[in-house]
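Novice: Keeping their order, the protein sequence lines are chains A, B, C, D and E. Residue 244 in the numbering used here is what sits at position 244 of the first sequence, and the numbering runs on without skipping anything. Residue 88 in the numbering used here is what sits at position 88 of the second sequence, and the numbering runs on without skipping anything. Residue 319 in the numbering used here is what sits at position 319 of the third sequence, and the numbering runs on without skipping anything. Residue 128 in the numbering used here is what sits at position 128 of the fourth sequence, and the numbering runs on without skipping anything. Residue 214 in the numbering used here is what sits at position 214 of the fifth sequence, and the numbering runs on without skipping anything.
Among these hints, one or two may not hold up.
Said to hold, decoys possible - Straight-line C-alpha distance at most 20 Å; calculated DMTMM-like pairs for lysine to aspartate or glutamate:
#1 Lys318(D) - Glu260(B)
#2 Lys205(E) - Glu72(D)
#3 Lys293(E) - Glu287(A)
#4 Lys70(C) - Glu291(A)
#5 Lys186(E) - Glu73(E)
#6 Lys205(B) - Glu21(A)
#7 Lys70(C) - Glu201(A)
#8 Lys186(C) - Asp145(A)
#9 Lys70(D) - Glu201(E)
#10 Lys293(A) - Glu73(D)
#11 Lys317(D) - Glu257(B)
#12 Lys205(E) - Asp227(C)
#13 Lys293(C) - Glu166(A)
#14 Lys70(B) - Asp220(D)
#15 Lys186(B) - Glu72(D)
#16 Lys186(A) - Asp16(B)
#17 Lys317(A) - Glu257(C)
#18 Lys13(E) - Glu39(E)
#19 Lys205(A) - Glu73(C)
#20 Lys205(C) - Glu73(E)
#21 Lys317(E) - Glu257(D)
#22 Lys293(C) - Glu159(B)
#23 Lys205(D) - Asp227(B)
#24 Lys70(E) - Glu287(C)
#25 Lys293(D) - Glu291(E)
#26 Lys186(C) - Glu166(A)
#27 Lys205(A) - Glu257(B)
#28 Lys186(D) - Glu291(E)
#29 Lys186(B) - Glu237(D)
#30 Lys186(A) - Glu287(B)
#31 Lys186(A) - Glu241(B)
#32 Lys293(D) - Glu287(C)
#33 Lys70(A) - Glu92(B)
#34 Lys70(E) - Glu237(C)
#35 Lys318(D) - Glu257(B)
#36 Lys317(D) - Glu260(B)
#37 Lys318(C) - Glu260(C)
#38 Lys70(D) - Glu128(E)
#39 Lys70(A) - Asp220(B)
#40 Lys186(E) - Glu73(C)
It is worth saying that the hints were derived from the structure and are not from the lab.
Residue strings, one per chain:
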Amino acid sequence: MLINCVAYQQGNKLADIPVSEIGNYLHRPDCFVWVALKESDDAELLEMQQQFSLHDLAVEDARHGHQRPKIEEYGNTLFTVMHMVEYTPTDELVVGEVCVFVGHNFVLSSRSRSSQNFLGVRERAEREPHLLRHGASFVFYALMDAVVDRYFPVIDSMETELETIEEQIFSPGTARQNIERLYALKRRVGVVRHAVVPLMEATGKLFGGRVPQVCERSQDYFRDVYDHLARCSTTLEVLRETIATAIQVNLSMVTIEESETTKRLAAWAGIFAVATAFVGVWGMNFEHMPELKWAWGYPFAVSVIVGVCALMYWRFKKSGWL
Amino acid sequence: MLINCVAYQQGNKLADIPVSEIGNYLHRPDCFVWVALKESDDAELLEMQQQFSLHDLAVEDARHGHQRPKIEEYGNTLFTVMHMVEYTPTDELVVGEVCVFVGHNFVLSSRSRSSQNFLGVRERAEREPHLLRHGASFVFYALMDAVVDRYFPVIDSMETELETIEEQIFSPGTARQNIERLYALKRRVGVVRHAVVPLMEATGKLFGGRVPQVCERSQDYFRDVYDHLARCSTTLEVLRETIATAIQVNLSMVTIEESETTKRLAAWAGIFAVATAFVGVWGMNFEHMPELKWAWGYPFAVSVIVGVCALMYWRFKKSGWL
Amino acid sequence: MLINCVAYQQGNKLADIPVSEIGNYLHRPDCFVWVALKESDDAELLEMQQQFSLHDLAVEDARHGHQRPKIEEYGNTLFTVMHMVEYTPTDELVVGEVCVFVGHNFVLSSRSRSSQNFLGVRERAEREPHLLRHGASFVFYALMDAVVDRYFPVIDSMETELETIEEQIFSPGTARQNIERLYALKRRVGVVRHAVVPLMEATGKLFGGRVPQVCERSQDYFRDVYDHLARCSTTLEVLRETIATAIQVNLSMVTIEESETTKRLAAWAGIFAVATAFVGVWGMNFEHMPELKWAWGYPFAVSVIVGVCALMYWRFKKSGWL
Amino acid sequence: MLINCVAYQQGNKLADIPVSEIGNYLHRPDCFVWVALKESDDAELLEMQQQFSLHDLAVEDARHGHQRPKIEEYGNTLFTVMHMVEYTPTDELVVGEVCVFVGHNFVLSSRSRSSQNFLGVRERAEREPHLLRHGASFVFYALMDAVVDRYFPVIDSMETELETIEEQIFSPGTARQNIERLYALKRRVGVVRHAVVPLMEATGKLFGGRVPQVCERSQDYFRDVYDHLARCSTTLEVLRETIATAIQVNLSMVTIEESETTKRLAAWAGIFAVATAFVGVWGMNFEHMPELKWAWGYPFAVSVIVGVCALMYWRFKKSGWL
Amino acid sequence: MLINCVAYQQGNKLADIPVSEIGNYLHRPDCFVWVALKESDDAELLEMQQQFSLHDLAVEDARHGHQRPKIEEYGNTLFTVMHMVEYTPTDELVVGEVCVFVGHNFVLSSRSRSSQNFLGVRERAEREPHLLRHGASFVFYALMDAVVDRYFPVIDSMETELETIEEQIFSPGTARQNIERLYALKRRVGVVRHAVVPLMEATGKLFGGRVPQVCERSQDYFRDVYDHLARCSTTLEVLRETIATAIQVNLSMVTIEESETTKRLAAWAGIFAVATAFVGVWGMNFEHMPELKWAWGYPFAVSVIVGVCALMYWRFKKSGWL
């Protein structure tokens, strides 16, 4: 579905143009075309391929979707795939995809499976003609920046969730729930990492050494994007490691709790076993058991039993078993 | 066993030719020969070696089999080994092998231990003469692409299996079965990884920097294959890590379950120990135990015991032990 | 908030100058300006940007804060972000941030979220004009050195804490507390690592190979800073690994303790179970149990029971169960 | 101990020569000398050093033994150390060592602590004069190939052993034995890895980039050796990882088994505790317990007890505890 | 403290010279000075700095101590820090430090916190003038070699200790002691690793590629030192990994032992619970329990109980629980 298709000259919007006119505008000097698609079908992509002379393999990837994040050069055209991650209102993590084709005088973006849009990017760019004058590479930077900036709230909310779990991890009785949440969180961290890390590696080739011609004059900007991605990546690495440790610590806590339960079980079992043994003694049927005939035998026996049990209780308490 | 041996000119099939004629066709300009073998024996390989002047060591590897995936240059000839993985109908993972020799005007493929064939590749190639015109390197690409595309369903079915196990991992009583399945799955993932990763590394040398002469004009295509392999590799890495975590989590779940069992055991044991101690008390043979003579002594005693036990039950229930 | 803004010539302080005069001093030969800000607001940063012609993206990063440690070149200006870590009096670890802009004739530092200051650095530098004569790069070195030197006491106090925990790890009954402290320590080590490691990597580019022009004549000094950071990094790596092992060992100790508890439980339970079974025997109501009528039957029975229990106690003691 | 010392010309054996004649033959064109030593003493090595002008440090290493696998250039001479691993008839893994000095017209091998010999290599080489004509580098390749080929059966037998253990790992009651065998196997895998991996890294420098002059014309052959070593290394890596997982899984299985034991213990203990409590009730000495006087009281009581126990048994069975 | 200060010419000792004369000797051609210090104070280092024109930062490092192992170039002077590890007679591991400054005509070593000395190195060097003629770089090599050679006995004694622990790890009842010893050993391995690995990395830059001028003619010697360090490093890596596995295996063994204890506990508890339930049955006070009146009732009951218990014992024995 075509969202918009606009021609710009010297950083200013010329006009919304029909797709069929793209070719004409591409030949004008100082002019570039910025097209945005959404959930595009094969026919649209085919038309775009013809208008912009895109490479078969790149269009094939865009059509097929489910690519890993990457930046590939096909002649003078860059083909970029980025993942867009967002939490749905029901707290599920969904991964959308945006493919961007960048030539020296055009930008074509095609996003799918995501509710996020780039209207804000276009509006801001149009309000700053002195930046938009840099042409396609600046638009490309603005799109990347928008995608990357949206990783931060997702990562932040993961950090918050981890902190919530961490608070519970040392309180007893929550082990099962913690482990389930840690496992789910680890998977989500993995999803975001596989959006961030390959993109970071690819972006690392847009500044510094040999740089695709299209990006040459905007290297500082792409280094900035790289830096943001590196920040994401570091945070995700910390999350990952902390989750791994938390899973291990959770197991330790369960074992510690169980160990304490076993101790208490041992202690109480001991106390009652002693009581049972004692009452059993006086339940024996020997004829000559003088204490059985004493007037105060019964209270005496009960006192002995209670006394022994109290003594044991006190000793167990002292040694920390109860 | 020879499957077919065909000469092509300008992207069009010339003729099925006998093996002994290969030499003649190799000398014609713009002509190339594409030979496919299957479970080839030593005699066949020797004949091919003579026809195509293949290197001793490469033929030795092809003859011996059980190589790791690799791409080696012998002069102007490329020798490639790829693993073909597939699930049998009985859900076992089998690994076949295909060796491909690529010269500037010939392709020789020899597959073994696999039910998959490349007839589809040849048919599709013959239907697109404009691509087949690129010659040996395009055929080589088409073969690689066919092998790599068949990794995806295998990896997908592994992901599905992992998801099935994950659903069970948090439900009690399935620990033994989960661990067996995770262990088996981990081994299978390892098998596919050792098909994918070395091939990916080798393919990485077919584009970008110094590239074997044969592949020079098809670099974009080999980068596409590389990209597919990188996608496989990432997915396998995720699988591997998730399995490792799942094994750890499974152990945690067992420990948690055991811990809960121990608690319940402690609780019930405690309740019955108390009951036993009480009935023991009134089973003592003291002469002066006034309650024994009470008319309502027995019901009273039973009430006391039941009451105490009920109290304990309630307390244990409240503190989550039962 | 402006702390100070001083112009230096030939290594000697010329004067405290107002911000608006900076431009004039920058044009004098052999003269450089050293400005220090603290918790600077947008207006201050904007003014500085104009005075020193700083790059938009760098100022944006400084304004936004929460950057990872890095050193970036924008033309001839270096933009550096360092983390300052310190323990508060209440033993919490806080992370401040200092941004340093270095040109060939100016240094601008802006710190935030930290109680540490750099007055000492300025004083020492002013006392050594022969060093200060090296200009901006020496000041930059002095600032880095000051930040890095403050990592050592923090790391030392972490080592001390780990040693305290290690002493406890093999003493029984401290498992829960140990694991909590190890977990907290591991997180703190992570925080300092993420201050040290990226800075170390960035500093590694200030000597040896291609070096930013500003730092060219002070390479030995930056190698020294790098060496200090490498020392920190090694110590942190050791800490990290030791903590990981300690967590594992702690779990082992809990399991060992539990195992011993289980053994003792088994032993005592066994002894009392035997006693209870025996007293039960003589509590049976058979008419023809001759020992029940013996004069010494009761003492005999008690002796038998005590004897058997003592025998069991002795055997369990010998085999290490008690 | 000298095994043989032979001069070759044009790929054909000239003569067995005495050690003192070596110098003469080295000066003849197209002639090379191949000497094999075994458990050589200092005097022999000294003589060889003089005959072949070997470097002090290399001879020192050969004399001292217990080197790690390596390939070092001393001027135009290569000094190679390889480990030879083999199983003794009593299934112990022994590591021998072979040092090879390779010059452009000589090969000197000296092996120690190994029952394996290289007679087969010499025989095969002498039967193929067209290969032996390549001179010292071909002999060097043949020796490496012989050493490396002997790694495969050792690794195969380790794989077989691991498979045997794996079959047992999920059957109960074998945990202690499994863990002992896995631990021993892991150590043995480590021994072979330290024979294979450094040699592979060293061999990687004998083809491709800058190559020692001696090996220049046989690069394809050394790449083949490298490929074999890479195959060994991959298999060892898989073994290592599988063993690590198996140790972890074994621990899981023990915990699972223990958990089941605990459950059954809980169940049976519960059933008998109930029975004991019931019989205790009717063992109480209250005067007014009407059921005690009933004619069918006893059978009734036993029925009640058996009934309750049977009910519990059935419930436990149903919930999988028994 | 000055140990000695000697001038050499052409590999022969000229004279013990006072520190103040050093400058004169440094100017003589073919002459070099070798100074050894021990626990040097600031004044001594300052004097040395003046005599040899050492760099501020290097002297600062030497004065401050507690550096990580490294080799740094300051102009034409190399500054080297090495750790010396040794076991005290009471089996503690102490780490000393030796700083070596190497110029083209001088060597200055300063060691601290170590009882080891380098007198042997000097004596051996003076006995071999043909080697000492190589000048400062040979002395530097000799010192490194001496330090590195002393790592081997320390590492050997660690291997011996690990073997002792390994023998115990599978024998029951030693778990607590094993884990303590493994933990301590792991820490000691870490200490030696941090002496070996950074030194190895630094030494790797003294041969092969661009080499400091001072070491240029002795590259083969430094490669030999590197090789020794690589050997140490490999052994330490194996130790580290084996310890990690041993800690894991130790935990497994504890769990296995505990599991067996639990089984035996279950078995014995079962047997006695059955006995107790039976005696309880005949302790009931029903009037109509015919067996209570039988003459042989008592022996019969005891036989029944003993019989049932024996049957259970036999079954448990057979199924491996006892």
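Novice: Is the straight-line distance between the alpha-carbon of Lys70(D) and that of Glu128(E) 20 Å or less?
Specialist: violated (29 Å)
Novice: Is Lys318(C) within 20 Å of Glu260(C), Cα to Cα?
Specialist: holds (15 Å)
Novice: Does the structure keep Lys186(B) and Glu72(D) at a Cα separation of 20 Å or less?
Specialist: Roughly 40 Å between the alpha carbons, so the hint for Lys186(B) and Glu72(D) is violated.
Novice: Hinted pair, alpha-carbon criterion (20 Å max): Lys70(C), Glu201(A). Please report holds or violated.
Specialist: Within the cut-off at roughly 17 Å; holds.
Novice: With a cut-off of 20 Å on the C-alpha distance, tell me whether Lys70(E) and Glu287(C) pass.
Specialist: This hinted pair is violated, its Cα atoms lying about 93 Å apart.
Novice: Is Lys318(D) within 20 Å of Glu257(B), Cα to Cα?
Specialist: Holds, because 18 Å separates the two Cα atoms, which is no more than 20 Å.
Novice: Would the hint linking Lys70(C) and Glu291(A) be met if the CA-CA limit is 20 Å?
Specialist: Judged against 20 Å, a Cα distance of about 87 Å means the pair is violated.
Novice: Taking only the CA atoms, is the gap from Lys293(A) to Glu73(D) under or equal to 20 Å?
Specialist: violated (103 Å)
Novice: Can the restraint linking Lys70(D) and Glu201(E) be considered satisfied, given a maximum Cα separation of 20 Å?
Specialist: With a Cα-Cα distance of about 17 Å, the restraint between Lys70(D) and Glu201(E) holds, given a limit of 20 Å.
Novice: Is the Cα-Cα distance between Lys317(E) and Glu257(D) 20 Å or less?
Specialist: Within the cut-off at roughly 18 Å; holds.
Novice: Need the status of pair Lys205(A), Glu257(B): alpha-carbon distance at most 20 Å?
Specialist: violated (50 Å)
Novice: Sort out whether Glu257(B) lies within 20 Å of Lys317(D), counting only the CA atoms.
Specialist: holds (18 Å)
This entry does not satisfy hints 4, 5, 6, 8, 10, 13, 15, 16, 18, 22, 23, 24, 27, 28, 30, 33, 38, 40, going by the numbered hints stated previously.
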